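**Q** Letter by letter, the chains look like this.
Protein chains: 2
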Amino acid sequence: MPIYTPPLRDMQFVLHEVFKVTDEFKAMPAHAEVDADTINAVLEEAGKFAAGVAFPLNISGDTEGCKLDTATHEVTPPKGFKEAYRQYVEGGWPALSCDPEFGGQGLPHTVNQCLYEMLNSANQAWTMYPGLSHGAYEALVAHGTDEQKKTYLPKLVSGEWTGTMCLTEPHCGTDLGMLRTKAEPQGDGTYKITGNKIFISAGEHDFTENIVHLVLARLPDAPKGSKGISLFVVPKFHVKADGSLGERNPIFCTGLEHKMGIHGNATAQIAIDGATGTLVGEPHKGLAAMFVMMNAARLGVGNQSLGLTEVAFQNALAYAKDRIQMRSLSGKKAPDKEADPIIVHPDVRKMLLTAKAYAEGARALQVFCTLLLDKAHGHPDEKVRKDSDELVALLTPIVKAFVTDNGHVATNACMQVFGGHGFIKEWGMEQFVRDNRINMIYEGTNTIQSLDLLGRKVLGNNGATLKKFGKLVGQLVQEEGVNEKMAEFINPIAYLGDQMTKFTTEIGFRGFQNPDEVGAAAVDYLRVAGHLVFGYLFARMAQVALREIAAGNTDPFYVAKLQTARFYFAKLFPETATLMRTARAGSKVLMDTDAALA
Amino acid sequence: MPIYTPPLRDMQFVLHEVFKVTDEFKAMPAHAEVDADTINAVLEEAGKFAAGVAFPLNISGDTEGCKLDTATHEVTPPKGFKEAYRQYVEGGWPALSCDPEFGGQGLPHTVNQCLYEMLNSANQAWTMYPGLSHGAYEALVAHGTDEQKKTYLPKLVSGEWTGTMCLTEPHCGTDLGMLRTKAEPQGDGTYKITGNKIFISAGEHDFTENIVHLVLARLPDAPKGSKGISLFVVPKFHVKADGSLGERNPIFCTGLEHKMGIHGNATAQIAIDGATGTLVGEPHKGLAAMFVMMNAARLGVGNQSLGLTEVAFQNALAYAKDRIQMRSLSGKKAPDKEADPIIVHPDVRKMLLTAKAYAEGARALQVFCTLLLDKAHGHPDEKVRKDSDELVALLTPIVKAFVTDNGHVATNACMQVFGGHGFIKEWGMEQFVRDNRINMIYEGTNTIQSLDLLGRKVLGNNGATLKKFGKLVGQLVQEEGVNEKMAEFINPIAYLGDQMTKFTTEIGFRGFQNPDEVGAAAVDYLRVAGHLVFGYLFARMAQVALREIAAGNTDPFYVAKLQTARFYFAKLFPETATLMRTARAGSKVLMDTDAALA
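If you read the sequences in order, they're chains B and C. Take numbering that gives the first Met the number 0: the final residue in the first sequence is number 597, and no numbers are missing along the way. Take numbering that gives the first Met the number 0: the final residue in the second sequence is number 597, and no numbers are missing along the way.
No lab work stands behind these hints: they were computed from the structure. Please note: incorrect hints may appear among the correct ones.
Unchecked claim - Now the in silico label distances, taken between C-beta atoms and shown as ranges:
{"#": "1", "chain 1": "B", "residue 1": "Q86", "chain 2": "C", "residue 2": "K81", "range": "33 to 39 Å"}
{"#": "2", "chain 1": "C", "residue 1": "T37", "chain 2": "B", "residue 2": "K332", "range": "54 to 60 Å"}
{"#": "3", "chain 1": "B", "residue 1": "A597", "chain 2": "C", "residue 2": "G91", "range": "31 to 37 Å"}
What the hints assert, rightly or not - Some but not every residue of chain B turned toward chain C, in silico, with C-beta under 8 Å:
{"#": "4", "residue": "A333"}
{"#": "5", "residue": "E337"}
{"#": "6", "residue": "V522"}
What you are looking at is a predicted structure, and each value in this text was computed from that prediction instead of being measured. The beta carbon of each residue, even a glycine, is placed where N, CA and C say it ideally should be.
The following block holds chain B by itself, in its conformation from the complex (with noise of 0.2 Å):
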């Protein structure tokens, strides 16, 4: 059976070693008072909850999957997913970042960033019930009618009502602009909504005794793409004026899909079939007002990677580690037994580091970003809060896409350690395999991500915000560049930056005269500018361990971070080699291909 053991210690070196939180707090007046041991003690309980039970239900459920009673239109999860919902509510984790003006804890995002990494790990089907219904909970924060937020907020912030993202339908996914569902005005501020949705995530359960569905649609004046479709909020139960649940609201799941992984949680098929709902923000907006989730949702989705990515490693490491095969290639490593620990061999260890460097470069990176989504939120300056936003929307695809193909890449690997072992279902790391695989296709694949990098995000604004980040590498540079012992560090990622710089520009005038340029460019783009990212965090984590280790102090953490940095600019980072190159190559071999392609 698989092991999960949350990893405090590296949360605690990026919170407060790296990125040192609690000073960064101290300046946004509703976190001010926030401190470390508050953080500390939060986190160590909600470890004990995703390893105690959220992740003894993750084989469990994915053996068992979802039931969807036809006939009543309801779901039954797998067993025990229910139970945990009520011990999660009752803890009150969902509330631990929302405003308390609804009842929540008002913890920074950061930490709740946290408690969803170790979710993740744990169960990341099962995480994907509360993780929707807190991306509805934003939504309704921002673009609610003040009605709306005090009928559903309080219910969603206490958990006693869960919520969902109705998006895509059979022929739109990724072209919302083409979504067909409509919404019909009935003269009273209610619309009549009608339509077909699928792949809605938790779209159906036994957990609460209504969920409030999140919905797109067009009005019957829309104009016709992504300008014309406008957010709903379409209940499963209508509410009555004293929060009690009314009539049932003819918005059904009629089908479950037969998926590859995350069997756990319920995707549904939904029909609206004259569903009575109220409008989200303002006609025709929906899409800026869903956005809103999406951007939360997308560096969830980097979190789900990063969850799969820690516990793929932990269950890596200890098999490599028990598990003997062979003589070590330099002699014997353990002469008592009849083989040596396969944790002697070399690619056996590259294997493992792989996932080690991924899971903590992942683990920075979402730490920084979650810091900054508080200071955009909750930073007095507005100076601060706007560069804060630039800054999280410039990471925000690299997020995604980069930490979700490394989870692919780590939890694949993961799984090799393992032999003939990995691909039997009883072990776990498959299901990590299969679960992770998602993640690099919803919420916009990573395609799409990578687009929304090079084209919106980058070149949409001349490389503005890039030249921000840009200079945070430029000032470690400098702040380390005389650092002998710090040279193995930053001088890759000053070579990279600089690399970066001029191929930006470039591929800026290229496509200037060929939009193709950019997308055959794109997601070698994204691949290159997330290793730029994660070498920055890799050069910091260095510079604290080497500092720590010269102030004196012995623990084994310092010295284990300082071999994850080596390794991974050793054996990762050079990737970006082949991806200057290739991005380069440019999009004639892709386009000039129709007889190829016929």
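Model the placement of chain C on the given structure of chain B, informed by the hints.
**A** Chain C in isolation, oriented as in the chain B frame:
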């Protein structure tokens, strides 16, 4: 529902235009009469069986899986599998490349290779039943006694019985030296065999009346380790002198594995409870005898991934032409439609072309290797036989690891083309990914392949065999070095060949001082070697295409081939830039990591 069209045109191109196989066959007495029309007719019929009989059972076989009756130890594979096997036997397919002495049709391995590519595209799980059987046939032809040959071979050739390979035990897979199954001589020339085996593919089923298990076990006087292993044939039912079946031999299926993929194949746990067997080959020389099967099986595993890459490509291509979503970045391409087909997007093309290039490169490599096998077995000139044997030995780990890793990349890319629908079972794409995943593991993990290549096949004879392959590259470079049109295909392989030669010498020196240097470089080295081989083959294919076009041939097939080759050199081959760098990074960053991997 997925589609599959046998790629007969490309097979014919590789067989007849690139390798001119019938010219080669003319030199071999056993195959001198085999002409192109015969080969093409056989492959057309084979394609009909694959597409029409095996392929429709692929998704249902995955969904249904195999069932074990624990009382009788009998296994029922998915519905339709037995009937498909009956048709396969009726068509005479098991006998295709078998020796006429035992009832075979005596066609070259090269033809059998193409049959199996198509079967693997159609249904890898089903194909493993006849595939394992063919492996048992080859081991008995090479090492069986006359009595064993007489008893078993005609039945394996006709397909009346099937065979298995029983190697792995719970505590040993890679390290067969640790195996514990015992064989006690009974004084009558038979042995009593006792032990437990796992991961036995096609280990039990209801297709045939008898199953011929080849079992590795230790004799009482066996030396420790891998030099004390003997091979035995242990039939499910004893065979009487008249060829009829006698009593049940106590070799039982006691469990079936729950796996990530190839659900239609019965992966059996086998308890051998004092079963009677006879020795194959010499005592304690079982591993060598088994390697006859293993080497064939390793080429066969590459072929499985070739099959999956091809079928995944065909489906992704059809979907990319059909699915409309978003507009081309460079202006509407289907103005009459609500959106453009997604094939207009550069990165969708990149994913499709990745699969196409990996399929076509693998097809050329597999035919190249099986033609070498035919020469090694049947060429009258001893030097040709020896050279061919050595070259195929060098290429075997490359086929096994490079082609299966490429299959992983390709099937995942094709699944990604489908967006969210790729994650849904009914589309069939995620099954290709899951089925392919085992190919990177079994018959020796891809790490083991890399050690076999670099440690044994390259450094083991001071690069002598590698030089033979280098000569082929050198010949092509010399032949086409002045042809400007070939420069784009020739220059990269000339450069890489040079780099590899230098690096091989370098790693030889380093490995001499520290063997872990070999282990640290091996996986990257194998992928570089794989690209050198693919580059060579794409250059040869481009050479043929350019000649045909120059001669006025207007078949768009040749244009397509050039486009695919150009894509390969521009977007896939440059991976070697990174691989050379990471291979050179050495073992220290992997081995000095005890703190990180504590």
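**Q** Going through the numbered hints above, which ones does this structure break? Give me the numbers in ascending order.
**A** Checked against the structure, the hints that fail are numbers 1 and 4, while the rest are satisfied.
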